[in-house]
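Enquirer: Residue strings, one per chain:
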Amino acid sequence: GAVVSQHPSWVICKSGTSVKIECRSLDFQATTMFWYRQFPKQSLMLMATSNEGSKATYEQGVEKDKFLINHASLTLSTLTVTSAHPEDSSFYICSARDPLAGGPSLYEQYFGPGTRLTVT
Amino acid sequence: AQSVSQHNHHVILSEAASLELGCNYSYGGTVNLFWYVQYPGQHLQLLLKYFSGDPLVKGIKGFEAEFIKSKFSFNLRKPSVQWSDTAEYFCAVNGGNTGFQKLVFGTGTRLLVSP
Numbered sequence: 755g756a757v758v759s760q761h762p763s764w765v766i767c768k769s770g771t772s773v774k775i776e777c778r779s780l781d782f783q784a785t786t787m788f789w790y791r792q793f794p795k796q797s798l799m800l801m802a803t804s805n806e807g808s809k810a811t812y813e814q815g816v817e818k819d820k821f822l823i824n825h826a827s828l829t830l831s832t833l834t835v836t837s838a839h840p841e842d843s844s845f846y847i848c849s850a851r852d853p854l855a856g857g858p859s860l861y862e863q864y865f866g867p868g869t870r871l872t873v874t
Numbered sequence: 004a005q006s007v008s009q010h011n012h013h014v015i016l017s018e019a020a021s022l023e024l025g026c027n028y029s030y031g032g033t034v035n036l037f038w039y040v041q042y043p044g045q046h047l048q049l050l051l052k053y054f055s056g057d058p059l060v061k062g063i064k065g066f067e068a069e070f071i072k073s074k075f076s077f078n079l080r081k082p083s084v085q086w087s088d089t090a091e092y093f094c095a096v097n098g099g100n101t102g103f104q105k106l107v108f109g110t111g112t113r114l115l116v117s118p
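Chains A and B, in that order, give the protein sequences.
Heads up, the numbering used here is the position in the first sequence plus 754, with the first residue counted as 1.
Heads up, the numbering used here is the position in the second sequence plus 3, with the first residue counted as 1.
Check before you lean on any hint, since a few could be wrong.
Stated by the list, open to error - Straight-line alpha carbon distances no greater than 25 Å define the calculated SDA-like cross-link-like pairs of lysine to any residue that follow:
(1) B:LYS61 <-> A:VAL757
(2) A:LYS774 <-> A:LYS809
(3) B:LYS105 <-> A:HIS761
(4) A:LYS795 <-> B:LYS72
(5) A:LYS795 <-> A:PHE821
(6) B:LYS105 <-> A:PHE782
(7) B:LYS105 <-> B:THR33
(8) B:LYS64 <-> A:SER859
(9) B:LYS74 <-> A:PHE821
(10) B:LYS52 <-> B:ARG113
(11) A:LYS795 <-> B:HIS46
(12) B:LYS64 <-> A:THR832
(13) B:LYS72 <-> A:PRO858
(14) B:LYS74 <-> B:THR33
The set of hints was computed from the structure by calculation and includes no laboratory data.
Using the sequences provided together with the hints, build the complete structure.
Expert: In C-alpha cells, the structure reads:
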C-alpha cells in the first residue's frame with residue numbers, strides 16, 4: 755500500500771518552455787502532497803506543500819509564479835515549471851500523506867520515484 | 004532554526020564491516036524520526052522510523068537505529084554491510100516547534116561498500 759507515482763520520470767525541455775510533472779497517489783487519497791527538489795549530490799529541499807482544493811503553501815525563496823502547483827483531486831497534484839531555464843534542471847520529488855493513517859503515521863510521507871528535469 | 008545534521012558525508016567500507024551513520028537534530032519537544040535510503044538511480048525508500056516507545060528501532064535489510072533523546076541523536080547502524088548497501092542515506096525529522104507537517108532532511112551520507 756501507500757504507493758506514489760510520478761510522470762514523467764525524465765524530461766528534457768528547451769529554455770523558455772513550460773513543463774508539467776504529475777504526482778499521483780495510487781492506492782490512497784492524499785489531501786496533502788509535498789514537492790521537493792534535489793540537486794546533484796545534495797539533500798531534498800521542500801519547495802511547497804500542496805493541499806487538495808486550496809492554494810499551495812510555498813517555502814521561503816521558492817517562486818510561486820514559476821513553480822505552479824495544482825492539487826485538483828485527492829489523488830493528483832501537478833507541478834508546472836514555467837519558463838524553464840537551465841538552472842531549473844534538477845530532480846523533482848513528490849510525496850504524499852495518507853490522511854486515514856492512524857496516530858503518528860498520519861505524518862509519514864510516501865515518496866514518488868522522482869522526475870529528472872533537464873533544461874537545455 | 005530547526006535543523007538535521009549528518010556529519011558523515013562520505014563513508015567507505017569493506018563488505019562485512021560494521022556501519023554507524025550519525026544523525027543529530029536541533030528540535031525541542033516531541034519528534035518523529037526517519038531514515039531513508041536512495042539506491043543509485045532509484046527513489047527514496049523508508050528504512051525505519053521512530054515515533055515513540057522502544058528507542059531501539061529495527062528496520063528493513065538488517066538496519067537499526069537508536070533514539071537517544073538526551074543527545075538529540077538517531078544514529079543508523081548495521082552490524083555487517085554488503086556491497087548492495089551502497090547508496091545514499093538520509094535522516095529526516097518532523098515535529099518540534101514547526102509541527103509534524105513538514106519533514107526536514109539531513110544533507111545525506113553517501114556510503115560506498117567495496118566487495
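Enquirer: State for each hint whether it applies.
Expert: Quick rundown of the hints versus the structure:
| no. | hint | result |
| --- | --- | --- |
| 1 | B:LYS61 <-> A:VAL757 | holds, 22 Å |
| 2 | A:LYS774 <-> A:LYS809 | holds, 17 Å |
| 3 | B:LYS105 <-> A:HIS761 | holds, 23 Å |
| 4 | A:LYS795 <-> B:LYS72 | violated, 29 Å |
| 5 | A:LYS795 <-> A:PHE821 | holds, 22 Å |
| 6 | B:LYS105 <-> A:PHE782 | holds, 20 Å |
| 7 | B:LYS105 <-> B:THR33 | holds, 14 Å |
| 8 | B:LYS64 <-> A:SER859 | holds, 21 Å |
| 9 | B:LYS74 <-> A:PHE821 | violated, 38 Å |
| 10 | B:LYS52 <-> B:ARG113 | holds, 20 Å |
| 11 | A:LYS795 <-> B:HIS46 | holds, 14 Å |
| 12 | B:LYS64 <-> A:THR832 | violated, 33 Å |
| 13 | B:LYS72 <-> A:PRO858 | holds, 18 Å |
| 14 | B:LYS74 <-> B:THR33 | holds, 14 Å |
This entry does not satisfy hints 4, 9, 12, going by the numbered hints stated previously.
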